[in-house]
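Student: Put the complex together from the two separate chains, hints included.
The primary structure of each chain is shown beneath.
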Amino acid sequence: MNARFGWKGGVPGNVLITGARVVDPRQKLDQQLDVLVTEGVITEVGPVGTITTGDSTTTVNADNGILMPAFTDPHIHLRTPGQEHKETIATGTKAAAAGGYCLVIAMPNTSPVIDGPDLLRGILARASETAVIPMAQTGAITRGLAGTELTEMATMMETGAAGFTDDGIAVRDAGVLRRALRYQAVAGGVIALHEEDSALSMGAPLNEGVISARLGLRGQPGSAESTMIARDCALARMEEAVIHIQHVSTYESVEVIRREKALGTRVTAEASPHHLLLTEEACSTLDSRAKMNPPLRTEMDRNAVIAGLIDGTLDCVATDHAPHSDDEKSQPFEDAPFGTTGLETSFAVLYDELVTPGLISLPLLVERMTSGCIPFGFEPPTVAVGQPANLALFDTRAEWIAGDGGWVSMSSNSCFAGRTMSGRISLTLAGGVIVHTAEATQ
Amino acid sequence: MKHLLGIEELGREGIERILDRAESFEGVASRDIQKVPALRGRLIVNLFYEASTRTTSSFELAAKRLSADVISVRSSGSSVEKGESLKDTIATLDAYEPAAIVVRHPRAGAAHLVSKWTRASVINAGDGAHAHPTQALLDVHTLRGRIGALDGRNIWIVGDISHSRVARSTAKAFSLMGARVTLAGPPTLLPPGIGVALGCEEATTLAKIGDADIVYALRMQHERMTGGDIPSLAEYSTHYAVTEARLRPDQLVMHPGPVNRGVEIGGDVVDSGRSLIAQQVAAGVAVRMAVLYELLAGAEKDGRMREVTAA
Numbered sequence: 001m002n003a004r005f006g007w008k009g010g011v012p013g014n015v016l017i018t019g020a021r022v023v024d025p026r027q028k029l030d031q032q033l034d035v036l037v038t039e040g041v042i043t044e045v046g047p048v049g050t051i052t053t054g055d056s057t058t059t060v061n062a063d064n065g066i067l068m069p070a071f072t073d074p075h076i077h078l079r080t081p082g083q084e085h086k087e088t089i090a091t092g093t094k095a096a097a098a099g100g101y102c103l104v105i106a107m108p109n110t111s112p113v114i115d116g117p118d119l120l121r122g123i124l125a126r127a128s129e130t131a132v133i134p135m136a137q138t139g140a141i142t143r144g145l146a147g148t149e150l151t152e153m154a155t156m157m158e159t160g161a162a163g164f165t166d167d168g169i170a171v172r173d174a175g176v177l178r179r180a181l182r183y184q185a186v187a188g189g190v191i192a193l194h195e196e197d198s199a200l201s202m203g204a205p206l207n208e209g210v211i212s213a214r215l216g217l218r219g220q221p222g223s224a225e226s227t228m229i230a231r232d233c234a235l236a237r238m239e240e241a242v243i244h245i246q247h248v249s250t251y252e253s254v255e256v257i258r259r260e261k262a263l264g265t266r267v268t269a270e271a272s273p274h275h276l277l278l279t280e281e282a283c284s285t286l287d288s289r290a291k292m293n294p295p296l297r298t299e300m301d302r303n304a305v306i307a308g309l310i311d312g313t314l315d316c317v318a319t320d321h322a323p324h325s326d327d328e329k330s331q332p333f334e335d336a337p338f339g340t341t342g343l344e345t346s347f348a349v350l351y352d353e354l355v356t357p358g359l360i361s362l363p364l365l366v367e368r369m370t371s372g373c374i375p376f377g378f379e380p381p382t383v384a385v386g387q388p389a390n391l392a393l394f395d396t397r398a399e400w401i402a403g404d405g406g407w408v409s410m411s412s413n414s415c416f417a418g419r420t421m422s423g424r425i426s427l428t429l430a431g432g433v434i435v436h437t438a439e440a441t442q
Numbered sequence: 001m002k003h004l005l006g007i008e009e010l011g012r013e014g015i016e017r018i019l020d021r022a023e024s025f026e027g028v029a030s031r032d033i034q035k036v037p038a039l040r041g042r043l044i045v046n047l048f049y050e051a052s053t054r055t056t057s058s059f060e061l062a063a064k065r066l067s068a069d070v071i072s073v074r075s076s077g078s079s080v081e082k083g084e085s086l087k088d089t090i091a092t093l094d095a096y097e098p099a100a101i102v103v104r105h106p107r108a109g110a111a112h113l114v115s116k117w118t119r120a121s122v123i124n125a126g127d128g129a130h131a132h133p134t135q136a137l138l139d140v141h142t143l144r145g146r147i148g149a150l151d152g153r154n155i156w157i158v159g160d161i162s163h164s165r166v167a168r169s170t171a172k173a174f175s176l177m178g179a180r181v182t183l184a185g186p187p188t189l190l191p192p193g194i195g196v197a198l199g200c201e202e203a204t205t206l207a208k209i210g211d212a213d214i215v216y217a218l219r220m221q222h223e224r225m226t227g228g229d230i231p232s233l234a235e236y237s238t239h240y241a242v243t244e245a246r247l248r249p250d251q252l253v254m255h256p257g258p259v260n261r262g263v264e265i266g267g268d269v270v271d272s273g274r275s276l277i278a279q280q281v282a283a284g285v286a287v288r289m290a291v292l293y294e295l296l297a298g299a300e301k302d303g304r305m306r307e308v309t310a311a
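Protein chains in written order, with UniProt numbering: chain A, 1 to 442; chain B, 1 to 311.
Extracted from the complex, chain B is given alone in its bound form (with noise of 0.2 Å):
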């Protein structure tokens, strides 16, 4: 496999493949030298066209920790911000001949056509609201470790599904998986089609969430609001937010962070032994490890990556 562009070209024999690499990464961190030489002398850039910082942090300490060299470019004060084209961005990069570029975009599409354009594997670490498969990856992987296997559970994703591209690739790893995937949230934020299109069902309100074992709230963003989507923050919060009152005791809860408290979850919620939100975000580094050692050490193909850093 050359790239990472969405989650359902891994399949589900892909994803317990990655899965279970990842776990067995999960012990380098409590090492005295917290790294393996994995991808020695190999060059991985992330190119963020979006601020994030799990995202970016947790791509550079996978790549550190499997020994690789790291340069991230972000698109505030680069040549991005002076009006370069993706393309020719892209045609720089490649002169560094990296082994892999991760990139975060926010169009749809744009890491398939940074593939296009690379010798170097391509990491789709978000695209538009069209996927994030390291995120899906590591909601499985944080889910399996809980509760083993996903088949025949019942897993509801809750919120802003039309804006969310932790929702697509999300649900489709969750389906994948063979659990049943219901996509709930107001109907101005359910796009219409998006059931047929991912597989699912819906829901507009939350009144049968206790059908749900794992509820999966997303992030409410305060623009929304402004975009007339929703009328306010607080009548979304009184119908849709994950609350204490509104769960059974056995229910687990997810978050793909950051959190806003109040707004889409309880801030007792979050806080409460049903939540798997810090599991999610320790999964993030061993996930893309493997992920990277997945596309890269699997194929040891011509030199030149190692003649760019002697370490």
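Okay, chain A solo, but in the shape it has when bound (with noise of 0.2 Å):
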């Protein structure tokens, strides 16, 4: 089998990082130690001031740090190839270090769509030239997101693809769905579903309800996604297939999958921040930074999907990266692009709003920061003695303003711009290599 990612690569560093709290969870880790990265491997793991270093290692002191495994990400959209005016592998990557990740998943919903071994071989030989971090890619379900036919995915994945998707569109045809869940058998790869019945969504540009109505606009009702993923999880339970649910956004679909689950249901499932943090107030302004699909809820919505995600109904968190240009977003409203980055802010943003208040514990949001490669069968990254280094340092007093002084992404339409952030990641390491520090956001 081929690597099942592609990576530049770089120097290994050699690096300590003394005084930070180091929170784990995958070692039962939380407490104030120090950690020594020699060659690249995580070498040494032991109390504040007990590990000595030569000259070729740099000392970070980080007093007010917190240091992580460095976080994966299924979900992301790089736009290579086809819309290299809103973001590159090298850009998006980029972007994704200074965000504390180690190994970010793309979504094939390119242009031309990664639906044939011979386009993934393309994307990982680029990825292998300027992905800044590892980067994994999934290949469409259907050619060409028609829902209609298979792709190869039995060669895909021998040629390296991290699983399968139509994410922007549901696979609308059950019978469709169904064939692709019988042949995992043979291919592998885990299915991850864009759940939206476009009967019931219409592609409408924002949740339906009291928002929706007062703007006049058509709006995507929760049962769109929930009905879909209860149809999904009943073939993928049938088929005994291995499914993984994205950016779920409704209380019913949280509802759906804690059921799955407890069945034995072999479902996954991820949350985004914005579904996190945001509702469907944040369009009332018909802003569109906050339009994305799926859209944002309600308050019961956002409050069920904490919920699932502190009780591990979601397994992890995703951000659904979609970068778009200044022009197609400065659109109306209905016109502009479903997305929002995301990046460069889901840590910081979501310490702030989950872990500061208390809502969820510091170690459950990094087991979930860094949980979203599993399902894509990669194995997390840990702070452990003999691991390599993929290691997340956020600076707990790093204020900082998101979007103030720019994006290290190619495009600007985040839900989160002009929000004040306490903290901000301050070094990342990914597969031993230093690929981004404080500096570079300065």
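Warning: the hint list may mix true and false statements.
Just a few of them, taken from the derived set where beta-carbon distance is under 8 Å, the chain B residues facing chain A [as the list claims (entries may be wrong)]: (1) 85; (2) 86; (3) 87; (4) 108; (5) 110; (6) 128; (7) 129; (8) 130; (9) 144; (10) 145; (11) 146; (12) 192; (13) 193; (14) 197; (15) 198.
Going by beta-carbon spacing under 7 Å, a handful of chain A positions derived as facing chain B [said to hold, decoys possible]: (16) 26; (17) 200; (18) 204; (19) 208; (20) 210; (21) 215; (22) 216; (23) 286; (24) 326; (25) 330; (26) 332; (27) 333; (28) 337.
Quick caveat, the hints were computed from the structure, so don't treat them as lab data. Note that the structure is predicted; figures quoted are calculated from it, not measured. All residues carry an ideal CB built from backbone N, CA and C; glycine is no exception.
Tutor: What follows is the structure, encoded as structure tokens:
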């Protein structure tokens, strides 16, 4: 099998991070420790001040820092090929590094769609030249995302696909999805699903409710998502297939997934920072940065998504980083494309809005920020001696205003732009290489 | 006040101020010279992305009666059809240094966007199914002229609430003026949450239409039937048409026009003494004069507009 990600790599780092609160639930770590990285590998974890280093090692004083395993994102859009005016592999993975990520999984709804082994090979080759951090690539479930013919999933898995998804639209035809789920037995690879019954959602630009009624816009009812999740979980159960539900946004959806997990259905699911923190209220001024799909929902939905993330119904955080140019986003709300960027703000905003008020413990948030790779067959990073250094250091006193001073991403369509964040990622190591430092965003 | 984008930003006081001024402008049409010099030498651009005979013509006439210069840009045959973005179109028009841009656009929020891209005052002449504040003003003006204060009055707005910017702005305006508003229509044309959104009652039948002092019928568009929102125009009319048979003698009827006789409103109602439809049309010019005056004459700011033309 070929490598399942592409990455340009770099010089393995030698760095001592001293004084940080080290949080890694997989190692049951939550205490002040020193962590030594030698030649890109974690070689020592010990009490503060007990590790000695040679001249070639940089020491990072991190008294105000939280040191975590770096994050993994199961759901981002890098726009290569075809829409490099929005983002490229280089800029998107650099933005991910700035957000503390060591692995991102890209969606195949590019132009052309990544729906065959040659295109997949091409992307991974491009990634091996330009990706700042390791980047995995999903293939489409159906050719051209048309929802009718299956792609060569077995060959794509052999070529290094991370899994399969028609993200951006649902697989509308239940028979087609059933065939894909049956074929998984030979091809392998998780099938990740964007759940939206277009007959109910009708492509509407925001949630159906008081805000859409006030604005005179058609809305997407929550049932457009939850009924498709129910259908697809039933199919997965029948076929004993493995599915992953993308960007869960409604109360009903969380309920369905919770029930299915209790039944033993092999389903995982993700939650996005914007669905955890924002509601349809953000659309009330028709700010297109608050237009995403699935749309921002109600406070009840938001609370259910948080509860789902806490109890494990939702396994991980996914940004659904979806860059768009200013020209595209400055059209009227209905015409502007769906999506918000998210890689640079995810941990900082979740830390402020969920951890600081005590809604979620820091170790649990770290677990959810790092678990996104698991459904796609990647080991989550962890802070342990002998492991490659995949580390994110968060400076709890590096207050910043999101978007002030620009973005690392090529696009600026962040739904969190303008927010004051109390802390910021100040150092990221991916695969042992220092891929981001605080200086890069100052 | 720089722009008029929605009725809610005026509040009751603002509505009353504008309508009092509209009253003073109503005599202008009957003068020998049907003009006042209030906006002489200032440029007003009408930018219409949707066809609209009465709104365009009444804005044009209002501007001319205030002695402003007017240009009207329609989407058909213009750079808009050549794919120019709204933002670029506004940048082009802004170069003419207009005092005001009146914009009608099929998308909600378009006028608000325009206001961010121009130095001119922006008047929303309808954006999607979102807002149509000058219609709301002329509706209040018409009704005030007939019954005086609206406080405590029951007003039913009947028809296709979903797709109606008139329903949204006019309902808000009536509420601001103290009326109690009920939105009535088939459930498929009453969007979920609309009552809460607008602070109105909802009704899915006309059984209690007798409660209304005023019935405001909305235009039913033929495409609603093909879109599947209603089974047929005939079924709609049977259950929701505002007809003489459904009304008490003292109930008044309004309609934003153009009417589909026999569909949402009976022809006999249109022609009856209870109909305020003709007064609504007549009110359009004076109310729009008052809006232009409110936004432009009050603010005698930089002299740049004065250089545009030598009248």
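Student: Each hint should be assessed against the structure and marked as holding or not.
Tutor: A quick look at each hint next to the structure:
With a least beta-carbon distance of about 7 Å to chain A, the hint placing residue 85/B at the interface is held under the 8 Å criterion. Proximity of residue 86/B to chain A holds as hinted, the smallest CB-CB distance being about 7 Å (cut-off 8 Å). The restraint placing residue 87/B at the interface with chain A holds, with a minimum CB-CB distance near 6 Å, inside the 8 Å limit. A distance limit of 8 Å between C-beta atoms decides the matter here; for residue 108/B the minimum to chain A is near 5 Å, and the interface restraint holds.
A cut of 8 Å between beta carbons decides the hint on residue 110/B: the least distance to chain A is about 5 Å, and the hint holds. Evaluation of the residue 128/B hint against chain A yields a held restraint, the C-beta minimum of about 6 Å falling below 8 Å. This hint holds: residue 129/B has a C-beta 3 Å from the nearest C-beta of chain A, less than the 8 Å allowed. Taking 8 Å as the C-beta cut-off, the interface hint given for residue 130/B holds, the closest approach to chain A being about 4 Å.
The interface hint given for residue 144/B is violated, since its Cβ lies 25 Å from the closest Cβ of chain A, which is over the 8 Å cut-off. Annotation: interface hint on residue 145/B violated; nearest CB of chain A at approximately 28 Å, more than 8 Å. At a threshold of 8 Å, the smallest CB-CB gap from residue 146/B to chain A is about 28 Å, leaving the interface hint violated. This hint holds: residue 192/B has a C-beta 6 Å from the nearest C-beta of chain A, less than the 8 Å allowed.
The beta carbon of residue 193/B comes within 4 Å of a beta carbon in chain A, closer than 8 Å, and the hint placing it at the interface holds. For residue 197/B, the suggested interface contact is upheld, since its CB lies about 4 Å from the closest CB of chain A, less than 8 Å. For residue 198/B, the interface hint holds, the least distance from its beta-carbon to any beta-carbon of chain A being 7 Å, beneath 8 Å. Of the supplied interface hints, the one on residue 26/A is violated, with its beta-carbon coming no nearer than about 44 Å to a beta-carbon of chain B, more than 7 Å.
Given the 7 Å rule on beta carbons, the hint for residue 200/A is violated: about 12 Å separates it from the nearest Cβ of chain B. Checking residue 204/A against chain B by beta carbon gives a least distance of about 11 Å; that is not within 7 Å, so the hint is violated. Given hint, residue 208/A at the interface with chain B, holds; its Cβ is 6 Å from that chain's nearest Cβ, closer than 7 Å. Proximity of residue 210/A to chain B holds as hinted, the smallest CB-CB distance being about 4 Å (cut-off 7 Å).
Restraint check, residue 215/A versus chain B: the minimum CB separation of about 5 Å is within 7 Å; hint holds. About 3 Å separates the beta-carbon of residue 216/A from the nearest beta-carbon of chain B, less than 7 Å, and the hint is met. Checking residue 286/A against chain B: minimum C-beta separation of about 3 Å stays under 7 Å; hint holds. Of the supplied interface hints, the one on residue 326/A is violated, with its beta-carbon coming no nearer than about 10 Å to a beta-carbon of chain B, more than 7 Å.
With its C-beta approaching chain B no nearer than about 6 Å, residue 330/A sits inside the 7 Å limit, and its interface hint holds. Using the Cβ-Cβ criterion of 7 Å, the hint placing residue 332/A at the interface with chain B is satisfied: the shortest such distance is roughly 3 Å. This hint holds: residue 333/A has a C-beta 5 Å from the nearest C-beta of chain B, less than the 7 Å allowed. Residue-level restraint check for residue 337/A is violated (minimum Cβ-Cβ distance to chain B is 14 Å; threshold 7 Å).
In this structure, the earlier hints numbered 9, 10, 11, 16, 17, 18, 24, 28 are contradicted, and the remaining ones agree with it.
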